Amino acid sequence: MSARLRAAGNGARPAVEVRGLTKTYPGGIEAVRGVDFEVAPGEVFGLLGPNGAGKSTTIGMLTTTIKPSAGSARLAGFDVVRDPLAARSVSSVVFQEPVLDRALSGRRNLDLHARLWGIPPSAAARRIAELARSFGLSEVIGRPVDSLSGGQRRRLEIARALVSEPRVLFLDEPTVGLDTRIRYELLDLIGGLRGRTGMTTVLTTHYLDEAERLCDRIAVMHQGAIVALDRPAALLARLGTELVELRVEHDPAGALAAMRAHGLAAGDAFAVGSTLTIPARARPARDTIAALPGLGIHAEAVTTRQPTLDDVYLQLTGSRLAA
Amino acid sequence: MTAITTTVPAGITFTAPRPRRLATWATLARRRFMLSAHTPREVLAPLVTPLLFALVIAPALARMIPGGAGYSTFVIVGTVGLLIPLTCTFAGIGVIVDRTGGARRELLAAPIPRSLIVLGNMAVAIAVSLLQVAALIVAGWARGSHFHVAAAGIGWFLGAVLTFTVFMYAVAEILANRIPTQEEYVGLTPVVAILPWFLAGSLFPLTALPGWLAAVARILPTTHTLALLRYGVLGHGSTGLHDIWGIGSTTTAAALSLLVLAGWAALATAASIRVFKRSAVH
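Protein chains in written order, with the numbering used here: chain L, 1 to 323; chain X, 1 to 282.
Do not take every clue at face value.
Residues from chain L that keep clear of chain X, each with C-beta distances beyond 12 angstroms, as calculated [claimed, not checked]:
no., residue
1, Thr-65
2, Ala-87
3, Arg-127
4, Val-140
5, Glu-157
6, Asp-172
7, Pro-293
8, Ala-301
For the chain X half of the interface with chain L, some residues (derived, Cβ under 10 angstroms), not all of them [stated by the list, open to error]:
no., residue
9, His-38
10, Arg-41
11, Val-43
12, Asp-98
13, Gly-101
14, Leu-107
15, Ala-110
16, Pro-113
17, Ile-247
18, Val-281
So the derived label-pair ranges between C-beta atoms look like this [stated by the list, open to error]:
no., chain 1, residue 1, chain 2, residue 2, range
19, L, Ser-69, X, Arg-178, 36 to 46 angstroms
20, X, Arg-274, L, Asp-268, 50 to 60 angstroms
21, L, Ser-138, X, Gly-263, 27 to 37 angstroms
22, L, Val-227, X, Ala-270, 41 to 51 angstroms
23, X, Thr-207, L, Arg-82, 52 to 62 angstroms
24, X, Val-138, L, Pro-120, 38 to 48 angstroms
25, X, Arg-178, L, Gly-177, 27 to 37 angstroms
26, L, Ser-147, X, Leu-61, 42 to 52 angstroms
27, X, Val-281, L, Asp-179, 28 to 38 angstroms
Because the hints were derived from the structure by calculation, they are not lab data.
It should be emphasised that the depicted structure is a prediction, and the values quoted were computed from it without experimental measurement.
Note that CB positions come from ideal geometry on N, CA and C, so glycine has one too.
Isolated chain L (complex conformation) (with noise of 0.2 angstroms):
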């Protein structure tokens, strides 16, 4: 381990503290606005949004490859603008392009990245040898990166990241451009990783199904602010167990302004375009479409079923997140 341990005797604190941290890029773009949380060691936290909401950025910021204009971020205690080399010190990233040197091997990139974060010889070499047998890479490790596929190279980039035993991982976007076969490998892998003593990892992902399978709690990222942060369960429970999907061509505001007037729908409701959502919750889904032509409402198609996240992520923001 590149951090020494000792006590303190400070008690313990979060793995990462995340202060009104911004950043407003030159010609008053702001791409993250004020976020706040904490993450507690050994969890694994997620930042969901789309592609510009924010979340690589924020990444950029608490890795110190992009410099915060506000607020201030910690990585095990250690001030990622004051302290970065520490901060560094504790941390890895698997970022979300490729990062190899792709003309080395993969034992080599490995042994790069231990020698860089200070690990002893005798320790990486153990350390590299257990990692590639664990991420299924024994095999091609010494091989050059550029003859690997596109799923090796990811899982080495993730075994990269292990071999300075990190307090903090930073996963940015790890699936992304996969296939699905090889993203629900690697997110069988990613979920292992949680097994690891201590390492609180931080992932970002536009994939629900990500974060709801990866993550202890999810910050929802929207326009660079965090809009929601909870347990995906909580979050999920905010629309309660069923919603009722209509399709209403004709003046879908006047259908939901209708519903909620007449109590068929609450202010959680949501319109987007022709669809209007409405969690069931006082009443059956089945009453709720009954009610519909008595308020001259005429849906072209009605649905129900279970709330999911991109749900929660339209509710708040007004957008879907694979958008």
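Chain L is fixed; fit chain X onto it per the hints.
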């Protein structure tokens, strides 16, 4: 959802490791070396140009001049002023590859001073330049060139090679971090690496240039380098230092030229580190 499985025990915190600058610099230089020379072809290719100049081009040019054996040696030493800029400029392509498809972001996320990334790359440019210069001089000697070998002269020669390589690599690093594409960067190579060589007294003395161009040439690092190199291995017969400074003491002129080169090298290195950091962190 799976419960959180582990926590850091209460009362435990972390202290940052002390930076291991020398070991880190060596690691980064080793990485750059592995990337630059991971096949025999990449090791041998840099030797082709110096060997070609020493064995073919310089003797061929000398044949055009009556009694031109000394001119061959003059050109061979002058070739150093071409080899180093070319080597350093091409080394800069590695910086662009790192940025566009390599491991630069991994290096930026490492707990190391970022200036060492530049200095690690520079170490390999220096090593390759020294190898090329050695090949050039040995091949020139084997082909019949006569060098004046003395400890002080070798000192001036090596001082010029090292400071000029540092300067040229720093310039390459600045350009590689400022220019977005490899194509645009390669397009600048003739301007950066070759044009100053023609003006700096590589093939003819400064006095053969028009007055205003000679004045420009006197401030070029390449000019000081070539004058020092020739003073180092051709002895007092070379007139380059006198052509620059116009003073009687050649040793003083050599010291002044080395000081100028060291100044350029220090300035360019500081600028290259600054440009790298600014391009790397938004």
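How the hints compare with the structure:
Once the 12 angstroms rule is applied to beta carbons, L/Thr-65 is inconsistent with being away from chain X; the minimum gap is 5 angstroms. With a least beta-carbon separation of about 8 angstroms from chain X, L/Ala-87 fails to lie farther than 12 angstroms from that chain, contradicting its non-interface assignment. The Cβ of L/Arg-127 sits about 16 angstroms from the closest Cβ of chain X, beyond the 12 angstroms cut-off, so the non-interface label holds. For L/Val-140, the non-interface assignment is confirmed: its Cβ lies about 18 angstroms from the closest Cβ of chain X, beyond the 12 angstroms cut-off.
Distance check for L/Glu-157 against chain X: the nearest CB is about 9 angstroms away, which does not clear 12 angstroms, and the non-interface claim fails. Residue placement check: L/Asp-172 does not keep its beta carbon more than 12 angstroms from all beta carbons of chain X (closest about 10 angstroms). With a least CB separation of 41 angstroms from chain X, L/Pro-293 remains clear of the 12 angstroms interface cut-off, as annotated. No Cβ of chain X approaches the Cβ of L/Ala-301 within 12 angstroms, the least distance being about 33 angstroms, so the stated non-interface status holds.
Interface hint at X/His-38: satisfied, since its Cβ lies 6 angstroms from the closest Cβ of chain L, which is below the 10 angstroms cut-off. Checking X/Arg-41 against chain L: minimum C-beta separation of about 13 angstroms lies over 10 angstroms; hint violated. Violation of the interface hint for X/Val-43 is found here, the shortest Cβ-Cβ separation to chain L being roughly 14 angstroms, above the 10 angstroms cut-off. Given the 10 angstroms rule on beta carbons, the hint for X/Asp-98 holds: about 8 angstroms separates it from the nearest Cβ of chain L.
At its closest, the beta carbon of X/Gly-101 sits 7 angstroms from a beta carbon of chain L; the interface hint therefore holds under the 10 angstroms criterion. For X/Leu-107, the interface hint holds, since its Cβ comes within 10 angstroms of a Cβ in chain L; the closest pair sits about 7 angstroms apart. Annotation: X/Ala-110 was flagged as interfacial toward chain L, and the flag holds, the nearest CB pair being 4 angstroms apart, inside 10 angstroms. With a least beta-carbon distance of about 7 angstroms to chain L, the hint placing X/Pro-113 at the interface is held under the 10 angstroms criterion.
Given the 10 angstroms rule on beta carbons, the hint for X/Ile-247 is violated: about 48 angstroms separates it from the nearest Cβ of chain L. Interface restraint check: X/Val-281 against chain L, minimum CB-CB distance 6 angstroms, threshold 10 angstroms, status holds. For the pair L/Ser-69 and X/Arg-178, the supplied restraint of 36 to 46 angstroms is violated, since their beta-carbon distance comes to about 24 angstroms. Checked against the hint of 50 to 60 angstroms, the C-beta distance between X/Arg-274 and L/Asp-268 comes to roughly 52 angstroms, which is consistent with it.
Between L/Ser-138 and X/Gly-263 the beta carbons are some 53 angstroms apart, a value that contradicts the proposed interval 27 to 37 angstroms. Range check, L/Val-227 to X/Ala-270: Cβ separation about 45 angstroms, and the 41 to 51 angstroms hint holds. In this structure, X/Thr-207 and L/Arg-82 meet the distance hint of 52 to 62 angstroms, their C-beta atoms being roughly 57 angstroms apart. For the pair X/Val-138 and L/Pro-120, the beta carbons lie near 41 angstroms from each other, so the given range of 38 to 48 angstroms is met.
A hinted range of 27 to 37 angstroms for the beta carbons of X/Arg-178 and L/Gly-177 is consistent with their spacing of about 29 angstroms. One distance hint, 42 to 52 angstroms for the beta-carbon pair L/Ser-147 and X/Leu-61, holds here, with the actual separation near 46 angstroms. The supplied range of 28 to 38 angstroms is met by X/Val-281 and L/Asp-179, whose beta-carbon atoms lie about 34 angstroms from each other.
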